[in-house]
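Student: For reference, the chains in residue letters:
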Amino acid sequence: MSAYPAISLNPLVREIPVTARPDMRVPVRVYTDDLLWQQIVSDRSLEQAVNVATLPGVTGCVYAMPDVHEGYGFPVGGVAAMETDDGVISPGGVGYDINCGVRLLASDLELSAARPQLEAVVHELSRSIPSGPGRNPQLDLAAADLDRVLDEGCAFLLERGLALPEDLPNTEAGGRLPAARSACVSAKAKQRGHNQLGTIGSGNHFVEVQIVDQVLDPVAAAAYGLRQGQLTVLIHTGSRGLGHQVCTDYVRQMDQAMARYGIHLPDRQLACVPFASPEGEAYFGAMCAAANFAWANRQAITSSVRRAFARAYGATGRLKLVYDVAHNIAKVEEHGGARLCVHRKGATRAFGPSHPETPATYRTVGQPVFIPGSMGTASYVLAGNDAAMTLSFGSTCHGAGRAMSRGEAKRTRPGHEVRRELESRGIIVRCPSNSELAEEAPTAYKDVERVVDVVHRAGLARKVARLKPLGVVKG
Amino acid sequence: MTATRLLPSHELRQHTSEIELHIRAGTLGDLLAEAGRALGEVQLTSANCAPGGPARPIRVSSSDRAALLVDWLNELIFLADIDRWVAMDFSIDLVEETEVRARASGVTLQRAPSRVKAATFHGLRIEDVSGGLEANIILDV
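Taken in sequence, the protein lines are chains A and B. The opening residue of the first sequence carries number 24 in my numbering; numbering runs sequentially from there. The opening residue of the second sequence carries number 106 in my numbering; numbering runs sequentially from there.
Everything labelled a hint here was simulated from the structure, so no lab data went into it. All figures in this text were calculated on a predicted structure; none of them were measured in a lab. Ideal Cβ placement from N, Cα and C applies to all residues, glycine included. It cannot be assumed that every hint is accurate.
[Claimed, not checked] DEER-style ranges, computed between Cβ atoms:
(1) B:R206 x A:E189: 48 to 56 Å
(2) B:S114 x A:Q279: 24 to 32 Å
(3) B:A108 x A:P201: 53 to 61 Å
(4) B:N241 x A:L32: 32 to 40 Å
[Stated by the list, open to error] Covered stretches of chain A, going by a simulated chain B footprint (3 or more residues, C-beta under 8 Å):
(5) 89–98
(6) 262–276
(7) 280–292
(8) 419–429
This is chain B alone, in the form it adopts within the complex:
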């Protein structure tokens, strides 16, 4: 019997000096997209933001899929810091264990979001579960 594919979901858990993202999704592509949405939720202080403007291409390659999740989020953090642009919606064009090519639309803010500084390898976990994948990643805030 095939397990029902997990719907993308995330949970934010606060620790002493960090935020932990707990993400679940049916595929690696959906997991990365959901992680991106969770990051946007932490970065955006107003709930009234809607993505707009042309989609931006984002391409990240890494040594393995756990590192891919870290590098993907760090790329989004970099874009937010440099361009004051927070990605909110994702379309995954290609995903492999060590590479993702995506397009993202988002919102440009008046000031760069300063809350999240980096995605870390600390306590990083990504594993296959029934119906998809589950990951934990800790953000430096």
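Chain A with its partners taken away, still in its complex shape:
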């Protein structure tokens, strides 16, 4: 039960008014239905959203998506925009895995043609793309090259032949935030990241081979190059240890600097400083650099996936990048004529057709958004709506959201049972450990169908296609 009074504005939006706590500066709006609301109030995510609503310079509303759950400081599934002239920036509002995100690749293959080699392809993906703590000796970068990845993002990989020219326009921000400053990334972060490009990592990260199971918006699907029965590949990972270290470094720095700016917080993990301060500018530069690293990471994985598909299917295995979008990031954007720093933590940018940052090829339908389901469940392709600009600073949900601890998931369902169940549904699974498989069991997550249904009905984004897993390489 929420400790704060919530008013139903309509069946899909509840608001905690600004009067709910004396230190709130803006209200909190939650996109949800009745059932998800029961899950949301069962943890501290609303209290965390209220804490965010107290931060200096926060404007409009703090938004919670239907997949919101408790995070560190900020809730996961939260959106908060701060004035850039007198507001703050907070590493906790981005999260540890800076630019964790999703990219979708579309093939020309139908399942019937791909099926005979599918198991070999999934095996090759698991062999060639390091997961867990695995490093990538093929891309062990010298210091100068790592700095170029941090400053230039995917453009560096294009130069190295690991990207196609047409990949960059179909990556959020072209795969490069120009505000990136490699000099603001610590030596420790660089030590953690120099050999992690092209690796999945662990937790809920994955590379998944899928089939377009249902087309729900034929016009948008056609614009994205998607059709029923087509094979796709979804990549979900982020900035690896490098991003974690950037967050750790700057939470520490800001924790020490806050007193100088007279900032007092209900939770130290909300550590923040003015956006327009030396510490704020340094974090923004480092965060953008880590975001560039994450886009380059997903691009390097794309290159490995393309090689595996080309080996198995020849020219018919060509993979087009549909789009790549972040769900843990802070970006400077124009909203209502104001220049704001929009923090999206476990929330996805969802710009509509008329936004200038929507790629030209998708200008008729809106920016693609990918919502990965939990392992073995469906994922969704959505399209951004113009209305989302006023409803949520142009944002939508990011996934199913955890509903169970990893320990509880393991106690509820042993890993070998999870593996057997996935295999009985024809899903090829590559995960070295049954224990890790159990941690990511579908039962440990909220229902992605319900989450997506809420954002669709609320007008934050609309359903375009449903993707069903065929093979999973788990991080």
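Fit chain B to the known structure of chain A by using the hints.
Tutor: Structure of chain B alone, referenced to chain A:
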């Protein structure tokens, strides 16, 4: 009457997407050492690891003792990620509210432990209790 000094102990509590360490000890030095042991327990998947090799010096300074606990664990997480080395035994040479100098022996693994990504300030608590100190710290996993 003087309270009996707390023996170092820890408890791991699982939450939705994190692990909470609850640590008790008689002194700040013992608390940090116990937190390090608890972290090692989370990082090591096999119970058959024994510390070996020369002890490594570890030095951390922070703004206050709660931040010192966070920074101490983050230093150990960094060493585990970079060197595949998990600290298990600790000898505290100097400890103040804002600084610790220690030597640690541990085990070098074939692969870096990927489970713990960071120690956080979220829900961080460290307080004086009868006989010593008690702390709660949440690990990002």
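Student: Each of the hints needs a verdict: does it hold here or not?
Tutor: Now for the hints, and whether the structure bears them out:
1. B:R206 x A:E189: 48 to 56 Å: holds (55 Å)
2. B:S114 x A:Q279: 24 to 32 Å: About 31 Å separates the Cβ atoms of S114 of chain B and Q279 of chain A, which means 24 to 32 Å holds.
3. B:A108 x A:P201: 53 to 61 Å: Hint holds: Cβ distance 59 Å, inside 53 to 61 Å.
4. B:N241 x A:L32: 32 to 40 Å: holds (37 Å)
5. 89–98: holds (count 5)
6. 262–276: Holds: 7 residues of the region 262–276 of chain A have a Cβ under 8 Å from chain B.
7. 280–292: Held - the region 280–292 of chain A has 3 residues with a Cβ nearer than 8 Å to chain B, which meets the minimum of three.
8. 419–429: holds (count 5)
Of the numbered hints listed earlier, not one is contradicted by the structure.
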